[in-house]
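So the protein sequences, as listed, match chains A and B.
Residues in the first sequence are numbered from 1 upward in steps of one, following this note's numbering.
Residues in the second sequence are numbered from 1 upward in steps of one, following this note's numbering.
Mixed in with the good hints, there may be bad ones.
Note: identical chains are not told apart, hence a pair may lie in one copy or across any two.
Heads up, simulated DMTMM-like pairs for lysine to aspartate or glutamate below, C-alpha to C-alpha not over 25 angstroms straight-line [what the hints assert, rightly or not]:
hint: 1; residue 1: LYS79; residue 2: ASP61
hint: 2; residue 1: LYS79; residue 2: GLU59
hint: 3; residue 1: LYS176; residue 2: GLU24
hint: 4; residue 1: LYS79; residue 2: ASP171
hint: 5; residue 1: LYS7; residue 2: GLU20
hint: 6; residue 1: LYS7; residue 2: ASP61
hint: 7; residue 1: LYS242; residue 2: ASP150
hint: 8; residue 1: LYS176; residue 2: ASP91
hint: 9; residue 1: LYS41; residue 2: GLU87
hint: 10; residue 1: LYS46; residue 2: ASP84
hint: 11; residue 1: LYS79; residue 2: ASP91
hint: 12; residue 1: LYS7; residue 2: GLU107
hint: 13; residue 1: LYS242; residue 2: ASP231
hint: 14; residue 1: LYS79; residue 2: ASP197
hint: 15; residue 1: LYS7; residue 2: GLU32
hint: 16; residue 1: LYS79; residue 2: GLU151
hint: 17; residue 1: LYS242; residue 2: ASP197
hint: 18; residue 1: LYS41; residue 2: ASP231
hint: 19; residue 1: LYS242; residue 2: ASP171
hint: 20; residue 1: LYS10; residue 2: GLU87
hint: 21; residue 1: LYS7; residue 2: GLU173
Since the hints were derived computationally from the structure, they do not count as laboratory data.
Protein chains: 2
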Amino acid sequence: MARSDGKEIKATRTSFAVLEAVAELDGAGISELARHLDRSKGGIYKHVHTLADLGYLVERDGAYRLSLGLWSLGATVPKRAVPDRVESIVDNLAASVGHVATLVLYESGRTIATYIRRPTSTASQPFREGESLPLHATASGKAVLAFLPDEERNAVFEGELDTYTDATLTDPETVKSTLETIRQQRLARDDGEYRTDIECLAAPILDDSGYPRGAVGVSRSREESGDDELDTDASLLVSASKSIENALTE
Amino acid sequence: MARSDGKEIKATRTSFAVLEAVAELDGAGISELARHLDRSKGGIYKHVHTLADLGYLVERDGAYRLSLGLWSLGATVPKRAVPDRVESIVDNLAASVGHVATLVLYESGRTIATYIRRPTSTASQPFREGESLPLHATASGKAVLAFLPDEERNAVFEGELDTYTDATLTDPETVKSTLETIRQQRLARDDGEYRTDIECLAAPILDDSGYPRGAVGVSRSREESGDDELDTDASLLVSASKSIENALTE
DNA sequence: AAATATCGTTCGCTCTGTGTGAACAGATGT
DNA sequence: ACATCTGTTCACACAGAGCGAACGATATTT
């Protein structure tokens, strides 16, 4: 099925398709999974059973869910990707601007919110840690997009651009037209394009060769915003992004 | 190889063995993995390639590491397992006792540190979120162990009990002898048995049927400790564990 | 109550694709 | 220059992944 290079393990693809489906459906039974993946019930049964036996799926009330063990397997990754000194920079940024600060990392075609700092413990979060974010509909995503090599950037525009809110830009040309400005200013903006009423500013984090490793962003709800602060926030953001660049390249 | 029930996907077992080995070795190449898992290089090559193509392994400087994508896949799990109201209870506990408070959950034979709260942002952590902890060498682990059904508890003692510090109890009978007291007091203690110079107290979290879902714990370095606080901490801990029990059973 | 639908589980069967071991070129170190 | 790593590719053989049908057990419907 699909294209088989002969140097691929198809069963592994199937098992991860199961895990991804369980995540997407937020818990599911055998039949539901088989239907969703368009596979035989018997076959999916074996995968689910194996994954459960390995401790990566747990059954409760007849539905299988992702286990804490799966999370635990990957839990060291963000700690290693974001050293303490980088966390501190984000912490300080959140404190200075008084809004939520987020560190987003780019990896194989997507950005992932890796570290989030709220200025107070009561502040609400725009997204969860570990959440995968669209490149075209967030400030951080666009900051990364603007600095990607042509080939990699174009790959993003080949698929459909998902809609998240009324303000989401779904036309490739519209998005592309904003990228030149972002490159010049090292600053991207998002006005409720991913979550309604949440405004973001973000600056890219580039490595030595100019390749975008991610972005730092500041988010606030529209009500909180005074346009007067905007310039201050922007300059704090850009300097934070440069500090992170230095911290990451040692 | 191994025992095959016929209703198991062996390729999936192999792929996860690869992921676990990568985690354990903290980055590895094909040959090293093949050697470590005692498998053919050609076969491991296919698994690694598939996992990398799926975006769950990333290559850097010739070594494969777990990706942010793998973490992202499981990142929703702890949020779902620990509702906000439970987080608050742990937050308050940390604030009242002035030490690090930890929520540990039990799942398929192991405990996992799911939520950690430091009283101040400078306090050092005894372990990382997502870390899998031994049942016999931590206060939280012993709190769980004491309330496990006989069969499940005995399974723990069948394997070797790993040593972590000079103080780790590795004799099954010694550990077992402490469990009765823990059951009576609803309180377990660990004195540098997992990390040197770190002292912990923990109370179990039980569901309606008395089955241990996890434990709450308080950790402090030995220097910080005054024995006078101990009784106060213990009672705060026990009442926190009861609040969490209520919060989890709705 | 009877009938229907849907669940998880099991069983053969067929052919695919997993796993092995050997051979390859390219680095790296001696 | 040699020896020893590495990742990659190949052909082969047997295991086992995936399918579809049938099972009893629960729910849901009539």
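Against the structure, the hints:
Taking identical chains as interchangeable, the C-alpha atoms of LYS79 and ASP61 lie at most 25 angstroms apart only when they sit on different chains, with a minimum of 19 angstroms there against 34 angstroms within one chain. For a Cα distance limit of 25 angstroms, the shortest separation of LYS79 from GLU59 across copies, 18 angstroms, qualifies, whereas the shortest one inside one copy, 29 angstroms, does not. Taking the closest pair of Cα atoms, LYS176 and GLU24 never come within 25 angstroms of each other, the shortest separation being 30 angstroms inside a single copy and 42 angstroms across copies. Proximity of LYS79 to ASP171 under the C-alpha cut-off of 25 angstroms is found in neither arrangement, the shortest distances being 36 angstroms within a copy and 34 angstroms between copies.
Taking the shortest Cα distances, LYS7 and GLU20 sit within 25 angstroms of each other both inside one copy (22 angstroms) and across copies (21 angstroms). In this assembly of identical chains, LYS7 and ASP61 lie within 25 angstroms of each other by CA distance solely across copies; the values are 22 angstroms between and 39 angstroms within a copy. Taking the closest pair of Cα atoms, LYS242 and ASP150 come within 25 angstroms of each other only inside a single copy of the chain (23 angstroms); across copies the shortest separation is 57 angstroms, beyond that limit. In this assembly of identical chains, LYS176 and ASP91 lie within 25 angstroms of each other by CA distance neither inside one copy nor across copies; the values are 32 angstroms within and 45 angstroms between.
When the C-alpha separation of LYS41 and GLU87 is checked against a cutoff of 25 angstroms, the pair qualifies neither within a copy, at 46 angstroms, nor between copies, at 39 angstroms. In this homomeric assembly, LYS46 and ASP84 never come within 25 angstroms of each other (Cα to Cα): the closest approach is 42 angstroms inside a single copy and 35 angstroms across copies. Within a single copy, LYS79 and ASP91 get their C-alpha atoms as close as 15 angstroms, and across copies as close as 21 angstroms, so both meet the 25 angstroms cut-off. In this assembly of identical chains, the alpha carbons of LYS7 and GLU107 lie at most 25 angstroms apart only when taken from the same copy (23 angstroms versus 35 angstroms across copies).
Proximity of LYS242 to ASP231 under the C-alpha cut-off of 25 angstroms is restricted to the intra-copy arrangement: shortest distance 17 angstroms within a copy versus 49 angstroms between copies. Proximity of LYS79 and ASP197 under a CA criterion of 25 angstroms is satisfied inter-copy only: 24 angstroms between copies versus 31 angstroms inside one chain copy. Only between protomers do LYS7 and GLU32 lie at most 25 angstroms apart by alpha-carbon distance; the minimum there is 19 angstroms, versus 30 angstroms within a single protomer. Proximity of LYS79 to GLU151 under the C-alpha cut-off of 25 angstroms is found in neither arrangement, the shortest distances being 30 angstroms within a copy and 36 angstroms between copies.
With identical chains, the CA atoms of LYS242 and ASP197 are never at most 25 angstroms apart, being 28 angstroms at best within one copy and 39 angstroms at best between copies. In the homo-oligomer, the alpha carbons of LYS41 and ASP231 never lie at most 25 angstroms apart, since the shortest distance is 57 angstroms inside one protomer and 56 angstroms across protomers. For the homomeric pair LYS242 and ASP171, neither the shortest alpha-carbon distance inside one copy (31 angstroms) nor that between copies (53 angstroms) is at most 25 angstroms. Proximity of LYS10 and GLU87 under a CA criterion of 25 angstroms is satisfied in neither setting, with 39 angstroms inside one chain copy and 40 angstroms between copies.
Neither within a single protomer nor between protomers do LYS7 and GLU173 lie at most 25 angstroms apart by alpha-carbon distance, with minima of 37 angstroms and 50 angstroms respectively.
Hint violations for this structure: numbers 3, 4, 8, 9, 10, 16, 17, 18, 19, 20, 21, all remaining hints satisfied.
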